[in-house]
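Asks: Okay, here's what each chain looks like letter by letter:
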Amino acid sequence: MGVDSHQTYSRHAWLDTISRIWAWLFLLAMVLFFSLAGEGFFTAFNLQAILANMAILTIIAMGQTYVIISGGIDLSAGWVMGMAAVISATVMNSLPETTPVWLVVLSGLGVGLAAAWIAGLVNGILIARLNVPPFIATLGMFGIARGIGFLLSGGMPVPIYVKGLGFLGNGFLLYYHPTVGWSFLTPPAGLAQADLRNLTGYFPFVVIVMLVLLLIAHLVLSRTQFGLHTYAIGGNKEAAMRAGIPVARRLVTIYMLSATFAAIAGLVYNVRFTNGAANAGEAMLLDTVAAVVIGGASLFGGAGTVIGTLIGALIISVLANGLVIMRVNPFWQFIAVGIVIIIAVLIDQARAQFAQE
Amino acid sequence: MDAQTTTHEPVLRATGLVKRFGGLTAVNDVSLDIHPGEVVALAGDNGAGKSTLIKMISGVYRPDGGHIYLEGKEITMASPLEARALGIETIYQDLALCENLDATVNIFLGREPTKRLFGIFKQVDRGHMLAESNKVLERLDIKIPNLRRPIRQMSGGQRQAVAIARAVYWNARLVIMDEPTAALGVPEQRKVHELVKTLKSQNVPVIIISHNMQDIFAVADRIIVMRRGQKVGDVRAAEVTDDDLVSLMVGAT
Ligand SMILES: Nc1ncnc2c1ncn2[C@@H]1O[C@H](COP(=O)(O)OP(=O)(O)O)[C@@H](O)[C@H]1O
Ligand SMILES: [Mg+2]
Numbered sequence: 001m002g003v004d005s006h007q008t009y010s011r012h013a014w015l016d017t018i019s020r021i022w023a024w025l026f027l028l029a030m031v032l033f034f035s036l037a038g039e040g041f042f043t044a045f046n047l048q049a050i051l052a053n054m055a056i057l058t059i060i061a062m063g064q065t066y067v068i069i070s071g072g073i074d075l076s077a078g079w080v081m082g083m084a085a086v087i088s089a090t091v092m093n094s095l096p097e098t099t100p101v102w103l104v105v106l107s108g109l110g111v112g113l114a115a116a117w118i119a120g121l122v123n124g125i126l127i128a129r130l131n132v133p134p135f136i137a138t139l140g141m142f143g144i145a146r147g148i149g150f151l152l153s154g155g156m157p158v159p160i161y162v163k164g165l166g167f168l169g170n171g172f173l174l175y176y177h178p179t180v181g182w183s184f185l186t187p188p189a190g191l192a193q194a195d196l197r198n199l200t201g202y203f204p205f206v207v208i209v210m211l212v213l214l215l216i217a218h219l220v221l222s223r224t225q226f227g228l229h230t231y232a233i234g235g236n237k238e239a240a241m242r243a244g245i246p247v248a249r250r251l252v253t254i255y256m257l258s259a260t261f262a263a264i265a266g267l268v269y270n271v272r273f274t275n276g277a278a279n280a281g282e283a284m285l286l287d288t289v290a291a292v293v294i295g296g297a298s299l300f301g302g303a304g305t306v307i308g309t310l311i312g313a314l315i316i317s318v319l320a321n322g323l324v325i326m327r328v329n330p331f332w333q334f335i336a337v338g339i340v341i342i343i344a345v346l347i348d349q350a351r352a353q354f355a356q357e
Numbered sequence: 001m002d003a004q005t006t007t008h009e010p011v012l013r014a015t016g017l018v019k020r021f022g023g024l025t026a027v028n029d030v031s032l033d034i035h036p037g038e039v040v041a042l043a044g045d046n047g048a049g050k051s052t053l054i055k056m057i058s059g060v061y062r063p064d065g066g067h068i069y070l071e072g073k074e075i076t077m078a079s080p081l082e083a084r085a086l087g088i089e090t091i092y093q094d095l096a097l098c099e100n101l102d103a104t105v106n107i108f109l110g111r112e113p114t115k116r117l118f119g120i121f122k123q124v125d126r127g128h129m130l131a132e133s134n135k136v137l138e139r140l141d142i143k144i145p146n147l148r149r150p151i152r153q154m155s156g157g158q159r160q161a162v163a164i165a166r167a168v169y170w171n172a173r174l175v176i177m178d179e180p181t182a183a184l185g186v187p188e189q190r191k192v193h194e195l196v197k198t199l200k201s202q203n204v205p206v207i208i209i210s211h212n213m214q215d216i217f218a219v220a221d222r223i224i225v226m227r228r229g230q231k232v233g234d235v236r237a238a239e240v241t242d243d244d245l246v247s248l249m250v251g252a253t
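Chain order of the listed sequences is G and X. Counted the way the numbering used here counts, the first sequence spans residues 1 to 357. Counted the way the numbering used here counts, the second sequence spans residues 1 to 253.
Quick caveat, the hints were computed from the structure, so don't treat them as lab data. We put the CB at the ideal spot given by N, CA and C, even for glycine. All clues given are correct.
One-sided and incomplete, this derived list gives chain X residues near chain G with beta-carbon spacing under 10 Å:
#1 PRO80
#2 ARG84
#3 GLU99
#4 ASN100
#5 ASN106
#6 PHE108
#7 ARG111
#8 LEU117
#9 LYS122
#10 PRO150
#11 ILE151
#12 GLN153
#13 ARG166
Build out the structure end to end from the sequences listed, making use of the hints.
Replies: Structure (structure tokens):
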């Protein structure tokens with residue numbers, strides 16, 4: 001290795017480091033800024049709200065992470081989520097009133113998943129077997145899922161009339177009240193209505209669900225053959241094929257995985273807002289791609305991590321929350337996220353260019 | 001001209017291979033033998049049929065005529081994967097590496113070893129991959145400072161070394177290289193020559209396609225010359241000059 005090439009490598013390593021840590025630094029700076037400048041930002045209540053509010057985004061973004069690492073993109077995930085949310089809401093309403101809540105939730109999830117899997121399977125077959133570019137295949141599915149969601153719901157959100165569902169979506173693992181003390185799963189009994197505002201919850205259920213899914217998604221991506229093949233396909237599809245990796249099958253699985261996360265996100269929406277809306281995931285395209293790309297994934301494929309995507313989702317969620325706390329018009333969030341996406345891609349391109357040299 | 005005097009059973013024997021593309025006969029009745037530890041250069045002008053010939057041997061194309069024998073047994077291959085399973089490893093010009101992944105992963109790509117965590121979770125055994133990669137690189141006398149760097153950050157010669165290590169690790173009985181030095185600088189070409197000699201010293205035969213006379217004379221024991229799909233020469237490298245080869249390639253006398 002000559003002196004020249006060595007310089008290129010170290011300059012490239014430097015860029016690599018920057019591209020790996022800038023998101024962490026950016027997140028830290030934002031948290032510091034809002035903590036100092038925004039009243040009520042750095043409280044247990046608000047920080048947990050940030051986490052609970054980002055659950056849906058994070059869950060879909062995990063699927064998007066796999067897809068983008070494989071060298072594709074899933075434009076349809078947000079609308080598949082909405083379609084699944086409408087379907088599971090309808091299913092939950094159709095069950096007899098005596099059905100236990102856990103069974104209601106499982107039934108809703110089951111049927112929502114089944115519908116989402118059809119969408120994911122069609123995406124996967126179009127892309128892996130019929131060589132339709134991911135952008136086009138999933139754009140088509142974007143329209144189809146959107147249409148089905150609106151048709152099934154008649155264009156209106158479907159309210160869910162199941163007792164105890166909202167509790168699941170908005171409840172906590174632990175509660176604390178200054179006079180009554182701690183209690184597990186439910187608020188302490190016998191609290192007066194006026195006393196409720198002194199009650200603090202810890203560990204929202206949806207955050208726990210999000211963390212468990214994050215852990216699984218992370219382990220599968222970083223440790224299994226399937227995860228490794230996802231990187232290989234995104235890095236060099238031809239080489240992956242020649243090495244004997246069943247590329248088409250892997251790609252179908254990846255798009256079905258994305259649909260799976262979308263259906264789970266749809267269910268989280270159901271329990272959190274006790275309804276199912278076809279456009280529930282409308283904002284998800286911008287936000288998930290932003291989270292994944294901010295997290296260090298390359299839109300050229302072959303790079304990205306679940307932890308990185310989590311950081312990306314945190315940045316978006318902290319930004320949204322901070323802007324509200326600072327009484328800035330929340331629509332600025334879209335502009336900020338749009339700018340951040342473009343900056344992240346510019347860094348990625350610079351990195352790719354140095355790698356070429 | 002025939003220079004085969006060795007008495008071993010050939011590792012690979014091909015007889016009467018034919019490949020047609022429509023009206024064009026790309027390879028026309030070519031036979032060859034490759035013996036243990038032999039380096040055979042395949043020379044010839046562009047379009048002479050060199051790549052088509054090796055693609056039949058590496059399972060990419062099914063021959064339209066002829067037979068292929070590996071260690072005496074006739075073989076037919078439906079895909080390159082089947083050829084690899086038989087021990088015929090081909091290193092293409094583009095190397096087919098995943099540049100975003102490290103050397104160890106590339107060596108094991110598609111055949112990753114796994115171990116179970118807590119008896120259920122089947123994960124890729126990176127420790128085993130690293131240890132085995134170190135072993136095969138040592139066997140080939142290749143030094144790559146940090147095996148956990150992505151291939152993207154390696155030099156051309158190091159990439160070639162990884163591709164060769166991958167082929168050898170899986171107990172190749174025959175290694176085929178298509179223009180291995182085409183994209184390399186002179187020092188790295190030399191490194192590839194050394195690697196070919198290391199393979200030879202371990203009794204692994206190598207077929208090397210090359211345009212480059214330096215390549216050919218640096219490593220080859222024998223040279224097979226192709227012209228317009230036919231084998232027009234099969235000579236000992238020590239017995240010919242550059243000029244002899246060129247005239248065989250172009251058909252002058
Ligand atoms: N897949 C193919 N389809 C049609 N013609 C081909 C194909 N591959 C090679 N040929 C033709 O066969 C001949 C031999 O090609 P090739 O084996 O690539 O030669 P070389 O590797 O010696 O340059 C050329 O005339 C080439 O155009
Ligand atoms: Mg060729």
